[in-house]
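Build out the structure end to end from the sequences listed, making use of the hints.
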Amino acid sequence: MMVFAVNASAQEQPIQEVLQTGLVYPKEHGEVQCSFTSRWCKGTAHPSLHTPLNVEYDITDRRQIEIDWNAMGRPTETGAATTRGRGDLSFGTQYCLMNIRRSDFHSGVRFEFRLPTGSVEKELSEGFIEYEPYHIVARDFPKLNITQVYLQVGVGFVKWLRRRRP
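Here the sequence shown is numbered in the working numbering, starting from 607 and rising by one per residue.
One or more of the hints may lead you astray.
Distance condition first, Cα-Cα at most 25 Å in a straight line; then the derived PhoX-like pairs of lysine-lysine [stated by the list, open to error]:
| id | residue 1 | residue 2 |
| --- | --- | --- |
| 1 | 728 | 765 |
| 2 | 749 | 633 |
| 3 | 648 | 728 |
These aren't lab readings, by the way, just hints derived from the structure by calculation.
This is the structure:
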């Protein structure tokens, strides 16, 4: 995944606030960030509304932990009713290195663990535990209006915990 971000405001603003994420930029020690957003996904066979609640806490200036819980709503296959309920719960931790060797390069290592707390029968969860380690690299371009380029590489491992009944 590559993300390009440009901050065009006259006053400097941390990029994680622009993107609503701390992709590689940690916050300050002891800072807590809570976010609650809505996302409508229409491109699937069953469109759905996701409303994730995310809480991040920075243990140090380089290390953070987070918890993410997703509430969902989606029409049933017949379209006659809407299924609502809790989705999966995930936990994550991240360690960041900023301005490596006094350069404009940054790096982060992240690990996420997702538990299937949502109902598989209602299609609010896929029913598997997921482990996802990944590495993030970022480069600042201060002369290009505070532009940043990110590269994220990771792999996901899954283990079925609950399956939908036939």
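Okay, the hints, checked on the actual structure:
no. : hint      : result
1   : 728 - 765 : 20 Å, holds
2   : 749 - 633 : 23 Å, holds
3   : 648 - 728 : 18 Å, holds
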